[in-house]
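Position chains B, C and D against the provided structure of chain A, taking the given hints into account.
Number of protein chains: 4
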Amino acid sequence: MLWHMASGSIRVTVWNEGRHERHKPGVADAYPNGIHGALAEALEQAGGFEVRTVLLDDPEHGLSEDVVESTDVMVWWGHGYHGEVEEEIVDRVHRRVLSGMGIVVLHSGHFSKIFRRLMGTTCDLKWRDEGEREVLWVTRPGHPIVRGIADHFVIQKEEMYGEFFDVPEPECTFLISSFEGGEVFRSGCAWLRGAGKVVYFRPGHETFPTYYDPNVRRVIVNAVRWACPAWPPEEVRYGRREKGW
Amino acid sequence: MLWHMASGSIRVTVWNEGRHERHKPGVADAYPNGIHGALAEALEQAGGFEVRTVLLDDPEHGLSEDVVESTDVMVWWGHGYHGEVEEEIVDRVHRRVLSGMGIVVLHSGHFSKIFRRLMGTTCDLKWRDEGEREVLWVTRPGHPIVRGIADHFVIQKEEMYGEFFDVPEPECTFLISSFEGGEVFRSGCAWLRGAGKVVYFRPGHETFPTYYDPNVRRVIVNAVRWACPAWPPEEVRYGRREKGW
Amino acid sequence: MLWHMASGSIRVTVWNEGRHERHKPGVADAYPNGIHGALAEALEQAGGFEVRTVLLDDPEHGLSEDVVESTDVMVWWGHGYHGEVEEEIVDRVHRRVLSGMGIVVLHSGHFSKIFRRLMGTTCDLKWRDEGEREVLWVTRPGHPIVRGIADHFVIQKEEMYGEFFDVPEPECTFLISSFEGGEVFRSGCAWLRGAGKVVYFRPGHETFPTYYDPNVRRVIVNAVRWACPAWPPEEVRYGRREKGW
Amino acid sequence: MLWHMASGSIRVTVWNEGRHERHKPGVADAYPNGIHGALAEALEQAGGFEVRTVLLDDPEHGLSEDVVESTDVMVWWGHGYHGEVEEEIVDRVHRRVLSGMGIVVLHSGHFSKIFRRLMGTTCDLKWRDEGEREVLWVTRPGHPIVRGIADHFVIQKEEMYGEFFDVPEPECTFLISSFEGGEVFRSGCAWLRGAGKVVYFRPGHETFPTYYDPNVRRVIVNAVRWACPAWPPEEVRYGRREKGW
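Residue numbers (my numbering), protein chains in the order written: chain A, 569 to 813; chain B, 569 to 813; chain C, 569 to 813; chain D, 569 to 813.
No lab work stands behind these hints, which were simulated from the structure alone. These numbers come from a predicted model, not from an experiment. Just so you know, not all the hints are guaranteed correct.
The list treats identical chains as one, so a pair stands whether inside a single copy or across any two.
[As the list claims (entries may be wrong)] No more than 27 Å apart at the CA atoms, straight line, and that leaves these computed lysine-lysine pairs for DSSO-like:
| id | residue 1 | residue 2 |
| --- | --- | --- |
| 1 | Lys-725 | Lys-694 |
| 2 | Lys-811 | Lys-694 |
| 3 | Lys-811 | Lys-592 |
Bound conformation, chain A alone (with noise of 0.2 Å):
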């Protein structure tokens, strides 16, 4: 298995569904090079990563054993197909997730196999979708996830998730929104599952162009440094044990 160095790159894997580019009106128009183009450039453009973009329709959708083996970090956006997510594609990504490798989970991702499994929760939510105005407030500043994020971002107009958000307490609530209508929202969320780092940002509704505003993009950024395994992890040994040392 080989591992990101800490003096190399950190080698992300973009999941997309990339169907609503192709199917529904004005995405195509929000994100020619669709979701997964803009959240690589993101990354691209902040440098110290190696992105790989893949897709649902990909052979495997696109998480080959030899994909998945060499990513450290996957960052996770669908919406409309998740039932069409092979299982053992979910077993995959689960299993290298409890060994080491980070994943960000990205809006309507909430609703993935992958994440729900990792939750083990409905992870069902409340929504509206008429473009509000979305305040996202700091609640743990000093995280690396929130480095260069003033006490508060706006974004103009967003899809509304709103509480009860139906996850496990979360180790670490870094980001909570306000939308316009009143709702509040956990918008952003981290926990340890096995060696793995899981974390959940809320923003990216795929009519909107959120995936370009600078504060979004910059969070994703340093979500994907925090939730990397910088180095490989030890053997985990389970399973019968003799005594002694």
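Only chains B, C and D this time, still in chain A's reference frame:
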């Protein structure tokens, strides 16, 4: 040490500064029997409590050894005079919490010595006192403290408290507020400290009639019940230990 | 949906594979009425429970919609046949936990489908089945689950379970074990998932008479009481939400 | 306020009482350059640190405003003279931690004023000073603090520390010890407080050569790296906030 028995009443001591009611315009109008009086009334109407109210200006701030040792749950409201609470009394209440007593800290009690002692942080926050609409969203349905509360409730006029709220990551966040001005706040939080339970519940500015609101009263009643140690805790042994069983 | 009322009994369903008792040498000697029988006896002797026992080989594994919907807390013992539990039944129990039902998972139940589903991790661990002395130390005095337990207790012969135990960081770790061979294990852990409470309690290998031990029984009884939702949880609303109050 | 830049060294201040080395038999033999000297040596050999050592008997206990403000991570060893540390200095270190400085508290530092201040609890525990074998088990593989540590390591002779350890539930428990006598202890724990990271690491009694052990040194080096704020944290704003963006 006498403790509440399951079959008996929960012995609650409501602590209030009790000075705003005498000196600050409008407070006596909102709370003719004092803030402590309104809180005591809420508990008494709910039933199952033996309620005592004490004030800053009472001898030992009303918190003699006898009072503290016969309290199952303390409710704390303070605002302008935190600095006048003697360290010795804070020590006494702190010891009692670690031994199992519950404590429910309300609103501006976030800056009380006892809460800052228990948290180990500044407990600072943002605020704006202009009477704004507050919506409180339930973020842990099923938790005993939000029993009987729908998925949200509204207070028409309250002081705004905004994040960052400098407390340790809550072990459970059960309510998050949004305010008219767009700010958010973790308004219902719980922690264990030693053998005791600590609850922070945000609403209750002295110039608004918040403590007559049925939802607010319900949360306070639930919080006191949840924080109650219903039995004598086992003796906790520290110090030198001989080998063997 | 009918729920336990505070004045009534807690409705417990004890689930057991029930096969070792028939096929594995020594198990029927240790548990002539089955492991489920010993567990039911412990609850019945403590009082306040309405106990039902069901087995893997019952129709629907004993977990029909009716049974699951009328259970406040489930106790789960499985070991050699986890793979035979139908996914549909796991889905049903999982939904019920997220809706508020408590679940107390015992010993080798760490590898059950329902526990792994709730945790989102492998739940793997080290083990050695040689009958070693286990000392269980209380790490959260005052917690209702260790009510009546001194600062530690000893089991003379048990299977060893050793760390790393691949579960999410417990929200509360109330017991940690050391074994004769020098290993340690987080033997008592609790988490919230949705509106439900999840407890893992380690002891109880099928060839040792562990479930007759008074301390072990006390922890199980306490855990069932703690995990019980004593009231109808509010309806949790998800999905599209209109603006306004 | 000057902070460590990613490209530079981590500025570490090792604080030691420095009295046992002069007065207690055997300590100067175990630590001819003082406990602080052994700790500084470990960091310097690992590289990437700019290490300063200060003692209780230095002016301001070696913790002037200048020293504290130019420290990224503090390492704290104290035992017999916690009470002599001035409150004003504790306030200063406490403020700096909440502003982002890391602190790694070692062994008997559990009873230091700064650690108890940060935890909000007594930080009490059981102990026995007879030189017992300690086995430390990794309970969060993949965590940067246990990088390079196998699934466990052994210290041949150490003071026993036993549970209950009266601290808030750790946000991450990365090591749990078992001792020859059968006790257990959460030996590696981490918390966030404000913008700062707090680590407790158990080993290191003054009469044993523990701080020469390669595994112990590795954990300390890793902990200092993990606790370092590698960048200037954003200004945290508190107090009255005007409406608007």
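Okay, the hints, checked on the actual structure:
1. Lys-725 x Lys-694: Both ways: Lys-725 and Lys-694 sit 17 Å apart in one copy and 25 Å across, limit 27 Å.
2. Lys-811 x Lys-694: Between copies only: 11 Å across chains, 52 Å inside a chain, cut-off 27 Å.
3. Lys-811 x Lys-592: between (61 Å within a copy, 25 Å between copies)
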